[in-house]
Amino acid sequence: GAGVSQSPRYKVAKRGQDVALRCDPISGHVSLFWYQQALGQGPEFLTYFQNEAQLDKSGLPSDRFFAERPEGSVSTLKIQRTQQEDSAVYLCASSPGGQGTIYFGEGSWLTVV
Amino acid sequence: KQEVTQIPAALSVPEGENLVLNCSFTDSAIYNLQWFRQDPGKGLTSLLLIQSSQREQTSGRLNASLDKSSGRSTLYIAASQPGDSATYLCAVRSLSGANSKLTFGKGITLSVRP
Chain A
1 GAGVSQSPRY KVAKRGQDVA LRCDPISGHV SLFWYQQALG QGPEFLTYFQ
51 NEAQLDKSGL PSDRFFAERP EGSVSTLKIQ RTQQEDSAVY LCASSPGGQG
101 TIYFGEGSWL TVV
Chain B
1001 KQEVTQIPAA LSVPEGENLV LNCSFTDSAI YNLQWFRQDP GKGLTSLLLI
1051 QSSQREQTSG RLNASLDKSS GRSTLYIAAS QPGDSATYLC AVRSLSGANS
1101 KLTFGKGITL SVRP
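Protein chains in written order, with my numbering: chain A, 1 to 113; chain B, 1001 to 1114.
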């Protein structure tokens, strides 16, 4: 596709529910990142993939958060047993690899009630 | 640990004014620095990317500079317009293990008054 695509754009989850957020990176992009952005804050790093390999998951806040990219393209961020503090925008980004420009999607807005 | 600071958090200027947005970072060992724009309810749009070996980049009315040794970058916006109203985020790309992740500032919310 022309850009990074994320779905759903908006999700309201009841506390304790599991959610899955999908990211379609730009075709051919090797690197894929997930970020979490709370209201009024800058994005915070969650995890990074190079192709299908998850090379860094140091930013995942707890073991309730899990990300995968099994075929090196589409990625899914899964949050189990959601809590209110998980309410945020989850941004996916991709880049061709190396140190070039990183392109972001529109984000998935998660509200936990 | 890399920290990125953007001050002030918000800025309001009259239309037509030239303005400078500041960004500072604590660790000068960076690959590059990227400026983004974020509109309310939207994702991030890349504006300019400056590699660590470069001093500045220009795109239209935007000019970004980088002084790696002092840990500073500025985004210069010439002849500001109401359509420039948005949040501007600075992010540095540092090496962290096998990953060169972006570390963001909190952003500067710019309002350009007609």
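Don't read these hints as lab results, they were simulated from the structure.
Some hints could be false.
Taking lysine-lysine pairs in the BS3-like style, the calculated list, with each CA pair at most 27 Å apart, reads [as the list claims (entries may be wrong)]:
1) B:K1042 - A:K14
2) A:K78 - A:K14
3) A:K57 - B:K1001
4) B:K1001 - B:K1106
5) B:K1068 - A:K14
6) A:K78 - B:K1042
7) A:K57 - B:K1042
8) B:K1068 - A:K78
Verification of the supplied hints:
no. : hint              : result
1   : B:K1042 - A:K14   : 24 Å, holds
2   : A:K78 - A:K14     : 15 Å, holds
3   : A:K57 - B:K1001   : 16 Å, holds
4   : B:K1001 - B:K1106 : 16 Å, holds
5   : B:K1068 - A:K14   : 46 Å, violated
6   : A:K78 - B:K1042   : 21 Å, holds
7   : A:K57 - B:K1042   : 25 Å, holds
8   : B:K1068 - A:K78   : 37 Å, violated
Hint compliance for this structure: hints 5 and 8 are broken, all remaining hints hold.
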